[in-house]
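Student: Build the full structure now, drawing on both the sequences and the hints.
So the sequences go chain by chain: A and B.
Every letter in the first sequence is one number past the one before it in the working numbering, and letter 75, counting from 1, is 75.
Every letter in the second sequence is one number past the one before it in the working numbering, and letter 428, counting from 1, is 428.
Since the hints were made in silico from the structure, they are not lab data.
The reader is advised that the hints may include incorrect statements.
[What the hints assert, rightly or not] Each computed EDC-like pair below joins lysine to aspartate or glutamate, with the alpha-carbon atoms no more than 20 Å apart:
{"id": "1", "chain 1": "B", "residue 1": "K226", "chain 2": "B", "residue 2": "D91"}
{"id": "2", "chain 1": "B", "residue 1": "K367", "chain 2": "A", "residue 2": "E122"}
{"id": "3", "chain 1": "B", "residue 1": "K278", "chain 2": "A", "residue 2": "E22"}
{"id": "4", "chain 1": "A", "residue 1": "K132", "chain 2": "A", "residue 2": "E122"}
{"id": "5", "chain 1": "A", "residue 1": "K113", "chain 2": "B", "residue 2": "D286"}
{"id": "6", "chain 1": "B", "residue 1": "K354", "chain 2": "A", "residue 2": "D33"}
{"id": "7", "chain 1": "B", "residue 1": "K36", "chain 2": "B", "residue 2": "D411"}
{"id": "8", "chain 1": "B", "residue 1": "K204", "chain 2": "B", "residue 2": "E186"}
{"id": "9", "chain 1": "A", "residue 1": "K35", "chain 2": "B", "residue 2": "D362"}
{"id": "10", "chain 1": "B", "residue 1": "K38", "chain 2": "B", "residue 2": "E14"}
{"id": "11", "chain 1": "B", "residue 1": "K374", "chain 2": "A", "residue 2": "D66"}
{"id": "12", "chain 1": "A", "residue 1": "K113", "chain 2": "B", "residue 2": "E287"}
{"id": "13", "chain 1": "A", "residue 1": "K114", "chain 2": "B", "residue 2": "D286"}
{"id": "14", "chain 1": "B", "residue 1": "K377", "chain 2": "A", "residue 2": "E22"}
{"id": "15", "chain 1": "B", "residue 1": "K374", "chain 2": "A", "residue 2": "E22"}
{"id": "16", "chain 1": "B", "residue 1": "K278", "chain 2": "B", "residue 2": "D158"}
{"id": "17", "chain 1": "A", "residue 1": "K97", "chain 2": "B", "residue 2": "E126"}
{"id": "18", "chain 1": "A", "residue 1": "K114", "chain 2": "B", "residue 2": "E287"}
{"id": "19", "chain 1": "B", "residue 1": "K289", "chain 2": "A", "residue 2": "D66"}
{"id": "20", "chain 1": "A", "residue 1": "K25", "chain 2": "B", "residue 2": "D281"}
{"id": "21", "chain 1": "B", "residue 1": "K342", "chain 2": "B", "residue 2": "E126"}
{"id": "22", "chain 1": "A", "residue 1": "K25", "chain 2": "B", "residue 2": "E14"}
{"id": "23", "chain 1": "A", "residue 1": "K25", "chain 2": "B", "residue 2": "D411"}
{"id": "24", "chain 1": "A", "residue 1": "K35", "chain 2": "B", "residue 2": "E287"}
{"id": "25", "chain 1": "A", "residue 1": "K25", "chain 2": "B", "residue 2": "E44"}
{"id": "26", "chain 1": "A", "residue 1": "K25", "chain 2": "B", "residue 2": "D386"}
[Unchecked claim] The following residues of chain B were derived to be distant from chain A, with all beta-carbon distances above 12 Å:
{"id": "27", "residue": "E14"}
{"id": "28", "residue": "K16"}
{"id": "29", "residue": "H22"}
{"id": "30", "residue": "M70"}
{"id": "31", "residue": "E126"}
{"id": "32", "residue": "E187"}
{"id": "33", "residue": "G208"}
{"id": "34", "residue": "D222"}
{"id": "35", "residue": "S260"}
{"id": "36", "residue": "S261"}
{"id": "37", "residue": "Q322"}
{"id": "38", "residue": "L349"}
{"id": "39", "residue": "S366"}
{"id": "40", "residue": "A368"}
Computed from a predicted model, the values in this text were never measured in an experiment.
From the three backbone atoms N, C-alpha and C, an ideal C-beta is built for every residue, glycine too.
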Amino acid sequence: MIALRFIIVGGDFDRAGTASSETKKILKQLNIDPKVVKRTVVALYEGEVNIAAHAFRGVVNISVSDHQIQAILEDEGPGIDDISRAMLEGFSTASPKVREMGFGAGMGLPNMKKNADELLVESIPGEGTTVKMIFEF
Amino acid sequence: MITGQFHHAIQINEAKCVGCIHCMQVCPTEAIRIRKGKAMIIKERCIDCGQCMRACPAKAFYIKQNDLKMLQDYKYRIALFPAVMIGQFPDIIAEEQIYQAMMGLGFTHLMEVEQPIKILIDLTREYLHENLVAKPCISAFCPAVVRLIQIKYPSLVDNIIPVKAPHELAAHFILQTLMNQGVKKEEIGIFYITPCAAKIAAVKSPVGDQPSLVDGVISMSDFYNKVRQAIQKEENSDTLYQRQHLTREGILWSTSRGESSRFGNRAIAIDGIHSVVKFLDRLENDEVKGFDFLEMRACDQSCAGGILLTGNRFTTTERLEQRSKNYPSWQEKELSPGLNKKDLTQCLLIDEVKPHNVFRLDDDISKAMEKLSKAQKIICFLPGIDCGACGAPNCQALAEDMVQGSAKMSDCVFLQQRWQNEGKIGAEKAFINLEKRWGEGRFNVDCNKRGRRNEGF
Numbered sequence: 001m002i003a004l005r006f007i008i009v010g011g012d013f014d015r016a017g018t019a020s021s022e023t024k025k026i027l028k029q030l031n032i033d034p035k036v037v038k039r040t041v042v043a044l045y046e047g048e049v050n051i052a053a054h055a056f057r058g059v060v061n062i063s064v065s066d067h068q069i070q071a072i073l074e075d076e077g078p079g080i081d082d083i084s085r086a087m088l089e090g091f092s093t094a095s096p097k098v099r100e101m102g103f104g105a106g107m108g109l110p111n112m113k114k115n116a117d118e119l120l121v122e123s124i125p126g127e128g129t130t131v132k133m134i135f136e137f
Numbered sequence: 001m002i003t004g005q006f007h008h009a010i011q012i013n014e015a016k017c018v019g020c021i022h023c024m025q026v027c028p029t030e031a032i033r034i035r036k037g038k039a040m041i042i043k044e045r046c047i048d049c050g051q052c053m054r055a056c057p058a059k060a061f062y063i064k065q066n067d068l069k070m071l072q073d074y075k076y077r078i079a080l081f082p083a084v085m086i087g088q089f090p091d092i093i094a095e096e097q098i099y100q101a102m103m104g105l106g107f108t109h110l111m112e113v114e115q116p117i118k119i120l121i122d123l124t125r126e127y128l129h130e131n132l133v134a135k136p137c138i139s140a141f142c143p144a145v146v147r148l149i150q151i152k153y154p155s156l157v158d159n160i161i162p163v164k165a166p167h168e169l170a171a172h173f174i175l176q177t178l179m180n181q182g183v184k185k186e187e188i189g190i191f192y193i194t195p196c197a198a199k200i201a202a203v204k205s206p207v208g209d210q211p212s213l214v215d216g217v218i219s220m221s222d223f224y225n226k227v228r229q230a231i232q233k234e235e236n237s238d239t240l241y242q243r244q245h246l247t248r249e250g251i252l253w254s255t256s257r258g259e260s261s262r263f264g265n266r267a268i269a270i271d272g273i274h275s276v277v278k279f280l281d282r283l284e285n286d287e288v289k290g291f292d293f294l295e296m297r298a299c300d301q302s303c304a305g306g307i308l309l310t311g312n313r314f315t316t317t318e319r320l321e322q323r324s325k326n327y328p329s330w331q332e333k334e335l336s337p338g339l340n341k342k343d344l345t346q347c348l349l350i351d352e353v354k355p356h357n358v359f360r361l362d363d364d365i366s367k368a369m370e371k372l373s374k375a376q377k378i379i380c381f382l383p384g385i386d387c388g389a390c391g392a393p394n395c396q397a398l399a400e401d402m403v404q405g406s407a408k409m410s411d412c413v414f415l416q417q418r419w420q421n422e423g424k425i426g427a428e429k430a431f432i433n434l435e436k437r438w439g440e441g442r443f444n445v446d447c448n449k450r451g452r453r454n455e456g457f
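Tutor: Here it is, written out as structure tokens:
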């Protein structure tokens, strides 16, 4: 099993994308199906941007086994009040500042759901959010 | 997933190679290693972009090409060349003089590659209109970029527009024109004057399954010298009929924005292989959205910056811009009667572009994981300064080479120093290890080494 860990700082859009890019390199070295690689990095990138846009800080833990990729994104932040609404396309609580930067179109979680085989979102408002994704191959 | 072998145009002359690390450090696919003091190319990783050739201070890289003597084998001899060939000449030499000088080298027909560009524009527009799945569509114009995507971005192969490069269209176009006049196919020899190494590779092993229509490839830098010598002062013949299909857009096609300015509502043009790599990385993450068309070329200033061009890339581009003003737009041009547009279009299509992941550590995933874990542990011992003194481009690459069995811990000079300090290895042994990597006599005093004659900046 391969384990990777990345730290994400809230508000740092410049570095959001590091976890997905590094993970991508490793998945290619493991000769994982390009379509699975693509789904994983797309969902992971959305997750990274979500942490950068909403939370104070976060940790991404990736583990790769011989049949699946598991990604757990844990953040300390405002949390999500209504997860089912957050899962709707176009629903966004991003600040105008974040939207000006081209993020916060309300496609983050829906896009993660679309690309992952399993998605589990847990959140405590005022404390933080944990997103768990599984990609099978 | 791996099918066939890529042909490679770039070669190393070992006698000239001085065993520095310039080529290794600029290679976008980490395809170069230094072994026994000489550079070597890992064939399956090389995309023939020519960065190594550009960076080499010893001019040790060369390209395999065909001899002009081959012309004698054919009754009809066609020189196929991109418009940048004309662009690189100084202004004082007129277009007509260049054409005359080229004819004087033994060709019966001259064909600027971009003459039938209308067919390519129509076909691409149709494709962009119909393909709503893999957006943005990526142009297949630059063979180095196509190979880069095949080996490094396998998930993006479906974004590549499955259309052959313009030189194949031009070759088919001239073949059809001549055969309509009753000429037999075997009497026609088509020679492509290439601005880069990647186009040679594309002729010798094209993407898709059909062989190229080009019979021989000639380096533009050699050809330029020959043409320059053959330039006559007077303009005594009229070769204008040879470029009757040439258009404004055709002339600018191989310069930056030549394609992107024609296609899609939102199109981007990227030139320079390292910029292309960065962009593709972002594209694969879905970080860039909403674009219809991407023009990507390996060379800075696109083909005007081709590795085999003699002229300066900026003046070449400017001359082409000026020249294009004298020609009509593609929309005003009609195909010659008798040419079969459907047939020409059909010949341009490729079945599929196949991915070819060369960065895998092993075909078997559990073995690949073992190797990856091992490499991650090795990294802890390496200095992380990417000096290249081990013969690999960086510490990460060295660790990967080690798990693949093509490098050893003792290749790292820092590790060796540490082992000596810890008394684990003798100075003599350490010295021999380095000589193995860099060649015997590498540590001798030698006043002819690079840098001696102020060859730095």
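Student: Hint by hint, say whether it matches the structure.
Tutor: The hints, checked one at a time:
1. B/K226 <-> B/D91: Given pair B/K226, B/D91 holds - Cα atoms ~18 Å apart, limit 20 Å.
2. B/K367 <-> A/E122: violated, 35 Å
3. B/K278 <-> A/E22: The hint holds at about 13 Å.
4. A/K132 <-> A/E122: holds, 9 Å
5. A/K113 <-> B/D286: holds, 15 Å
6. B/K354 <-> A/D33: holds, 13 Å
7. B/K36 <-> B/D411: This hinted pair holds, its Cα atoms lying about 12 Å apart.
8. B/K204 <-> B/E186: Holds, at about 19 Å.
9. A/K35 <-> B/D362: Judged against 20 Å, a Cα distance of about 18 Å means the pair holds.
10. B/K38 <-> B/E14: holds, 7 Å
11. B/K374 <-> A/D66: holds, 16 Å
12. A/K113 <-> B/E287: Status holds; Cα separation ~17 Å.
13. A/K114 <-> B/D286: Given that 20 Å is the threshold and the Cα spacing comes to 13 Å, the pair holds.
14. B/K377 <-> A/E22: holds, 17 Å
15. B/K374 <-> A/E22: holds, 17 Å
16. B/K278 <-> B/D158: holds, 19 Å
17. A/K97 <-> B/E126: violated, 39 Å
18. A/K114 <-> B/E287: holds, 16 Å
19. B/K289 <-> A/D66: With a Cα-Cα distance of about 32 Å, the restraint between B/K289 and A/D66 is violated, given a limit of 20 Å.
20. A/K25 <-> B/D281: holds, 10 Å
21. B/K342 <-> B/E126: holds, 13 Å
22. A/K25 <-> B/E14: This hinted pair is violated, its Cα atoms lying about 33 Å apart.
23. A/K25 <-> B/D411: This hinted pair is violated, its Cα atoms lying about 24 Å apart.
24. A/K35 <-> B/E287: Within the cut-off at roughly 17 Å; holds.
25. A/K25 <-> B/E44: holds, 18 Å
26. A/K25 <-> B/D386: holds, 18 Å
27. E14: Answer for B/E14: holds, closest chain A Cβ roughly 31 Å.
28. K16: The claim holds: B/K16 sits with its nearest Cβ about 34 Å from chain A, beyond 12 Å.
29. H22: holds, 24 Å
30. M70: Correct as stated: the minimum Cβ-Cβ distance to chain A is 40 Å, above 12 Å.
31. E126: holds, 27 Å
32. E187: The assertion about B/E187 holds, with a minimum of 45 Å to chain A.
33. G208: holds, 19 Å
34. D222: holds, 38 Å
35. S260: Holds, since 21 Å exceeds 12 Å.
36. S261: holds, 24 Å
37. Q322: holds, 38 Å
38. L349: Holds: least Cβ distance 23 Å, greater than 12 Å.
39. S366: violated, 5 Å
40. A368: violated, 5 Å
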